[in-house]
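Spelled out, the chains give:
2 protein chains.
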Amino acid sequence: MVNAIEWKDGKVIMLDQSRLPVEVIFIECTDYNIVAEGIKKLWIRGAPAIGIAAAMGIALGAQDITAKNFKEFIAGLDQIFNTLLSTRPTAVNIKWAVERVKKLLKANKDESVSRLKELLIEEAQKIHKEDIEVNKAIGKWGAQFIKDGDTVLTHCNAGSLATGGYGTATAPIFVAIEQGKKIQVIADETRPVLQGARLTAWELMEAGVPVTLITDNSAGALMKKGRINLAIVGTDRTVKNGDVANKIGTYSVSVLCKEHKIPFYVAAPLSSIDFSIPTGDKIPIEERNAEEVTHIFGTCRIAPENVKVINMAFDVTPAKNITAIITEKGAFKPKDIRKLIKKDVNLDEYRIKIGE
Amino acid sequence: MVNAIEWKDGKVIMLDQSRLPVEVIFIECTDYNIVAEGIKKLWIRGAPAIGIAAAMGIALGAQDITAKNFKEFIAGLDQIFNTLLSTRPTAVNIKWAVERVKKLLKANKDESVSRLKELLIEEAQKIHKEDIEVNKAIGKWGAQFIKDGDTVLTHCNAGSLATGGYGTATAPIFVAIEQGKKIQVIADETRPVLQGARLTAWELMEAGVPVTLITDNSAGALMKKGRINLAIVGTDRTVKNGDVANKIGTYSVSVLCKEHKIPFYVAAPLSSIDFSIPTGDKIPIEERNAEEVTHIFGTCRIAPENVKVINMAFDVTPAKNITAIITEKGAFKPKDIRKLIKKDVNLDEYRIKIGE
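For the protein sequence lines, the chains are S and A, in the order given.
Note that the numbering used here numbers the first sequence so that position 346 is 346, with each residue one more than the last.
Note that the numbering used here numbers the second sequence so that position 9 is 9, with each residue one more than the last.
There are no misleading hints in this set.
Simulated pairs of lysine-lysine, BS3-like, Cα-Cα distance not exceeding 30 Å:
1. S:K261 / A:K308
2. S:K320 / A:K320
3. A:K181 / S:K308
4. A:K320 / S:K225
5. A:K224 / S:K258
6. S:K224 / S:K261
7. A:K308 / S:K136
8. A:K335 / S:K258
9. S:K282 / A:K261
10. S:K308 / A:K261
11. A:K320 / S:K258
12. A:K261 / S:K335
13. S:K261 / A:K261
Bear in mind the hints are in silico, worked out from the structure with no lab data behind them.
Model the full structure from these sequences, guided by the hints.
Take a look at the structure:
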């Protein structure tokens with residue numbers, strides 16, 4: 001499995017995903033500013049991976065701070081926090097990482113500066129490890145839905161490249177393979193930004209998973225021919241009633257699955273579920289610039305000049321089209337994910353379990 | 001409306017569609033070999049347009065034949081026939097044009113060579129005119145389904161560029177506009193070869209029709225938002241039971257239309273209906289090379305080297321997903337198109353008519 005990011009020998013090693021799949025270049029970050037640049041320039045993307053990168057950037061920057069005491073050390077960190085927070089203002093995981101680090105420091109304010117520096121490295125590694133564990137748990141709960149011999153369709157990239165490892169939508173695939181199941185993956189190329197072609201196909205090939213690339217508009221015909229057994233996608237934001245926002249095209253995949261009676265699963269770490277939003281129609285959908293559609297990689301023009309374009313980055317799949325939402329706490333019917341925030345609930349009553 | 005091909009001042013003027021939309025170049029063909037090159041190199045494509053090009057190529061080549069009598073003239077034409085027939089061996093319309101010309105010559109074998117040369121020009125122009133009339137008739141029968149204010153989704157290019165003019169799927173759009181209806185078109189970009197982005201969006205903009213380009217995987221989300229009122233597509237081959245083969249992705253559009261209760265129409269000139277094939281599952285589906293998917297315009301690589309690809313050029317939409325098939329003889333329920341070959345049938349009993 002490819003590592004999108006790694007703490008190694010006091011440095012942050014980051015795969016430059018913006019060049020994939022044409023070039024495979026790992027950047028050795030010896031300075032937190034390089035980590036910040038990587039977040040800004042999309043060398044690294046995917047909410048969990050960005051959170052890990054931010055924590056590692058903080059740990060890296062902290063090592064170079066000359067401080068005699070806690071107060072000076074905190075003052076030195078401020079610049080690092082601000083630099084990282086300004087890279088992608090809407091990426092909640094950077095903020096989350098900064099808050100987590102601040103809390104840790106507060107709880108350890110009596111430690112020496114050198115110990116604090118160590119603690120920041122440990123915390124970054126812990127955040128990385130925790131993310132992998134969350135994904136492995138998603139993988140475990142999800143793998144039960146994949147039978148030996150199945151072909152799994154996925155859309156966009158919710159793979160190890162978007163996380164600390166294992167991915168979310170790909171975790172059940174990796175775990176199923178670890179369980180000895182022989183499976184195939186079909187990756188939608190995912191226009192306009194082609195994350196499926198550039199990232200998912202690449203990382204699955206690197207991991208030795210049999211993967212076949214298709215254009216987004218081939219999925220329906222393949223389902224009709226019985227060549228797809230289930231679909232698993234990731235999510236950018238899932239809301240309280242089980243509606244799921246994800247990359248544009250996800251909704252169409254869900255409708256096609258429904259038509260062909262193919263199960264449609266969403267892999268959603270708890271961190272991606274926003275229980276404060278009641279229904280999917282309340283999720284703001286970002287419309288992005290026309291050039292993503294009219295030009296490939298910003299250079300290769302495929303459409304007339306000045307053509308009008310609708311470029312919705314995401315769509316919302318209603319809960320009724322979703323067979324199960326797979327979290328690290330179990331797989332649930334979409335209507336049951338609200339149980340995850342209820343107190344005194346025996347989740348086992350709501351978990352979907354196959355073959356027990 | 002753009003002319004893909006035209007007979008003008010003794011020459012064939014052909015738009016080089018292979019360079020669209022980046023360059024708009026009309027080729028002045030003064031030699032039938034240039035016409036043949038144009039067919040071969042996809043300067044011109046679309047079954048009706050290729051038939052017209054072949055007839056015009058024959059007429060053009062015929063003018064340069066030095067022959068004293070009918071026999072010498074026919075001998076001279078043979079080379080032209082063979083050159084044109086070898087350009088795209090599976091294009092039935094070239095064969096059709098050659099047969100039609102041969103029949104005409106046979107019926108006029110007592111005419112002078114100079115008169116025969118004139119007749120060939122007249123025949124080419126007649127073929128061109130007949131095609132436009134077929135399309136206008138499709139337009140007339142189809143326009144009744146488009147209401148003032150509607151937004152029409154189309155897939156691939158079955159526009160004037162693929163025909164002598166008006167197109168097939170676009171004819172109802174052009175006629176509706178001639179009737180004074182204010183309408184919008186949404187064009188699927190149509191991966192992998194992007195005929196929607198490169199050709200449909202371009203020709204509709206040229207014709208002053210309001211058109212918006214989307215990625216193929218946006219259609220479902222737009223339907224869910226109520227932004228598409230109907231879909232009209234063309235067809236490569238329609239069979240006796242009303243099943244329709246068309247560009248990959250057409251089937252998915254039909255399923256999405258069904259889910260959203262949006263009418264789904266197919267514009268099918270009689271020449272594209274193959275009554276010898278009973279059902280859609282008997283239509284051979286061409287699988288094309290992986291490079292169409294992995295490289296844009298053969299140069300811009302978007303996927304890992306050696307990735308496995310499924311690239312089905314077409315899919316089959318079952319009759320049950322189709323609201324009506326629009327031919328030059330009327331619009332019919334898919335199950336009723338077989339009436340078109342029955343003798344002593346009053347087609348009016350089967351024609352779908354709205355608002356009469």
